[in-house]
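Under the working numbering, the residue at position 169 of the sequence shown is numbered 510, and the numbers go up by one with no gaps.
Hints were generated in silico from the structure; no laboratory data involved.
Treat the hints with care, since some could be wrong.
Below, a list of computed lysine-lysine pairs in the DSBU-like style, where the Cα atoms sit at most 35 Å apart [to be verified]:
1. Lys467 - Lys483
2. Lys364 - Lys428
3. Lys372 - Lys428
4. Lys367 - Lys539
5. Lys515 - Lys467
6. Lys515 - Lys483
7. Lys481 - Lys539
8. Lys515 - Lys428
9. Lys364 - Lys515
10. Lys376 - Lys364
11. Lys481 - Lys515
12. Lys434 - Lys364
13. Lys536 - Lys373
14. Lys376 - Lys483
15. Lys467 - Lys536
16. Lys364 - Lys467
17. Lys360 - Lys434
18. Lys360 - Lys467
19. Lys481 - Lys376
20. Lys481 - Lys467
21. Lys536 - Lys364
22. Lys467 - Lys372
23. Lys373 - Lys515
24. Lys539 - Lys373
25. Lys539 - Lys515
Cβ-Cβ distance ranges computed for the label pairs, FRET-style [what the hints assert, rightly or not]:
26. Pro502 - Glu390: 32 to 42 Å
27. Glu390 - Met544: 23 to 33 Å
28. Leu538 - Leu498: 34 to 44 Å
29. Asn409 - Glu512: 36 to 46 Å
30. Asn431 - Ser475: 36 to 46 Å
31. Asn435 - Leu498: 17 to 27 Å
32. Pro506 - Asn435: 34 to 44 Å
33. Pro506 - Lys467: 13 to 23 Å
34. Asn510 - Tyr535: 15 to 25 Å
35. Leu476 - Glu390: 34 to 44 Å
36. Lys372 - Gly424: 32 to 42 Å
Beta carbons: idealized from backbone N, C-alpha and C, even for Gly.
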Amino acid sequence: MSKLSNHVQIIGVLGDENKISSKIIKHVLSKKGYKIRDMEYKEYILDYEGIDILLLNLDTCNLEKHINLDILLHIDTRKEDIGFQRKVLNYVKNNGVVIMNEDDNNTPFVLGHNDERLVVSYGMSKRATLTASSLMVSDKIKLNCFLQRSISARGDLEVEPVEFPVIINSEDEKAVYNSLGAIGVLLLYGIDPYKLLKFLEDMYIQ
Numbered sequence: 342m343s344k345l346s347n348h349v350q351i352i353g354v355l356g357d358e359n360k361i362s363s364k365i366i367k368h369v370l371s372k373k374g375y376k377i378r379d380m381e382y383k384e385y386i387l388d389y390e391g392i393d394i395l396l397l398n399l400d401t402c403n404l405e406k407h408i409n410l411d412i413l414l415h416i417d418t419r420k421e422d423i424g425f426q427r428k429v430l431n432y433v434k435n436n437g438v439v440i441m442n443e444d445d446n447n448t449p450f451v452l453g454h455n456d457e458r459l460v461v462s463y464g465m466s467k468r469a470t471l472t473a474s475s476l477m478v479s480d481k482i483k484l485n486c487f488l489q490r491s492i493s494a495r496g497d498l499e500v501e502p503v504e505f506p507v508i509i510n511s512e513d514e515k516a517v518y519n520s521l522g523a524i525g526v527l528l529l530y531g532i533d534p535y536k537l538l539k540f541l542e543d544m545y546i547q
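Based on the sequences and whatever the hints tell you, model everything.
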């Protein structure tokens, strides 16, 4: 198995139906100049030299101990066994970030007594770190995102509370949560929230 260079960031995505979150993350970060590769966990043994970010789509397979995730994006805790989901948290670096759905009732049970890793929550709940309002779904998904608390992004950048519009080219209301989770990842990489409209305008989600 190839070894990852120390500079390669690993983002693990769990419970991402149709890979909507992964597609958004890859699309935007590629536009920002990152060399990013996304793959299924079973393809993890492939060579991945010359990349900045490895985007791993995780499932309920047996994870290898050598994985060290910088970011874990969890879309839907209802789809996997809670014990397995807690196990996945062990593969996140101690200084890593866990992005969880605040509206999912299982989230507190999955997180347990997580004291080391930064947790960024998203959802419609007013308690979420990243929440949404003015949601409209027709031929596109239109919403206002609101980062309610500052978060530390990559490169020691501090992202201050901010409200910004987002338009997703999809008619599927289920894509709302996938999109919010992906936006949480993008903010951690210092993507200007006001430029998301431009980055996403040519992306269409089936």
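Against the structure, the hints:
Proximity of Lys467 to Lys483 is assessed by CA-CA distance (about 19 Å); at most 35 Å being required, the pair is judged to hold. Distance check on the hinted pair: Lys364 and Lys428 sit about 25 Å apart at the alpha-carbon level, within 35 Å; holds. Restraint check for Lys372 and Lys428: satisfied, since their Cα atoms lie roughly 33 Å apart, inside the 35 Å limit. About 15 Å separates the Cα atoms of Lys367 and Lys539, which keeps this hinted pair within 35 Å; it holds.
Taken as a hint, the Lys515 and Lys467 pair is honoured in the structure, with Cα atoms around 19 Å apart against an allowance of 35 Å. With a C-alpha separation of about 13 Å, the suggested pair Lys515 and Lys483 falls inside the 35 Å cut-off, and the hint holds. Distance check on the hinted pair: Lys481 and Lys539 sit about 15 Å apart at the alpha-carbon level, within 35 Å; holds. At roughly 26 Å between alpha-carbon atoms, Lys515 and Lys428 fall within 35 Å of each other, so this suggested pair holds.
Pair hint Lys364 plus Lys515 holds up; C-alpha atoms about 15 Å apart against a cutoff of 35 Å. Our distance criterion of 35 Å between C-alpha atoms is met by Lys376 and Lys364, whose separation comes to about 14 Å. For the suggested pair Lys481 and Lys515, the alpha carbons sit about 12 Å apart, so the restraint of at most 35 Å is met. With a C-alpha separation of about 24 Å, the suggested pair Lys434 and Lys364 falls inside the 35 Å cut-off, and the hint holds.
Distance hint between Lys536 and Lys373 is fulfilled; the C-alpha atoms sit about 11 Å from each other, no more than 35 Å. The straight-line distance between the Cα atoms of Lys376 and Lys483 is roughly 29 Å, inside the 35 Å bound, and the hint therefore holds. Straight-line distance between C-alpha atoms of Lys467 and Lys536 comes to about 24 Å, which keeps the hinted pair within the 35 Å bound. Between Lys364 and Lys467, the direct Cα distance comes to roughly 27 Å. Compliance with the 35 Å bound is thereby established for this hinted pair.
Our distance criterion of 35 Å between C-alpha atoms is met by Lys360 and Lys434, whose separation comes to about 23 Å. Taking the CA atoms of Lys360 and Lys467, the gap is near 26 Å; set against the 35 Å cutoff, the hint holds. A threshold of 35 Å between alpha carbons decides the hint, and for Lys481 with Lys376 the separation of about 28 Å falls inside it, so the pair holds. Under the criterion of a C-alpha separation no larger than 35 Å, the hint pairing Lys481 with Lys467 is consistent with the structure, at around 24 Å.
Restraint check: the Cα-Cα separation between Lys536 and Lys364 comes to about 17 Å, which is no more than 35 Å; the hinted pair holds. With a CA separation close to 31 Å, the supplied pair Lys467 and Lys372 stays within the 35 Å bound. Note on Lys373 and Lys515: the hinted pairing holds, with a Cα-Cα distance of about 26 Å set against a maximum of 35 Å. With a C-alpha separation of about 12 Å, the suggested pairing of Lys539 with Lys373 holds against the 35 Å cut-off.
Between Lys539 and Lys515 the CA atoms are separated by roughly 22 Å; this keeps the pair inside 35 Å, and the hint holds. Between Pro502 and Glu390 the CB atoms are about 39 Å apart, so this pair conforms to the stated range of 32 to 42 Å. Between Glu390 and Met544 the beta carbons are some 27 Å apart, a value that agrees with the proposed interval 23 to 33 Å. Leu538 and Leu498 have their C-beta atoms about 21 Å apart, which leaves the hinted 34 to 44 Å range violated.
Against the hinted window of 36 to 46 Å, the Cβ-Cβ separation of Asn409 and Glu512 comes to about 38 Å, which satisfies the hint. Separation of Asn431 from Ser475 is about 38 Å and conforms to the stated range, judged on CB atoms against 36 to 46 Å. For Asn435 and Leu498, the Cβ-Cβ distance of about 20 Å falls inside the hinted range of 17 to 27 Å, so the restraint holds. One distance hint, 34 to 44 Å for the beta-carbon pair Pro506 and Asn435, holds here, with the actual separation near 35 Å.
Between Pro506 and Lys467 the beta carbons are some 19 Å apart, a value that agrees with the proposed interval 13 to 23 Å. Between Asn510 and Tyr535 the beta carbons are some 18 Å apart, a value that agrees with the proposed interval 15 to 25 Å. The supplied range of 34 to 44 Å is met by Leu476 and Glu390, whose beta-carbon atoms lie about 42 Å from each other. Range check, Lys372 to Gly424: Cβ separation about 38 Å, and the 32 to 42 Å hint holds.
The structure shown violates just one earlier hint, number 28.
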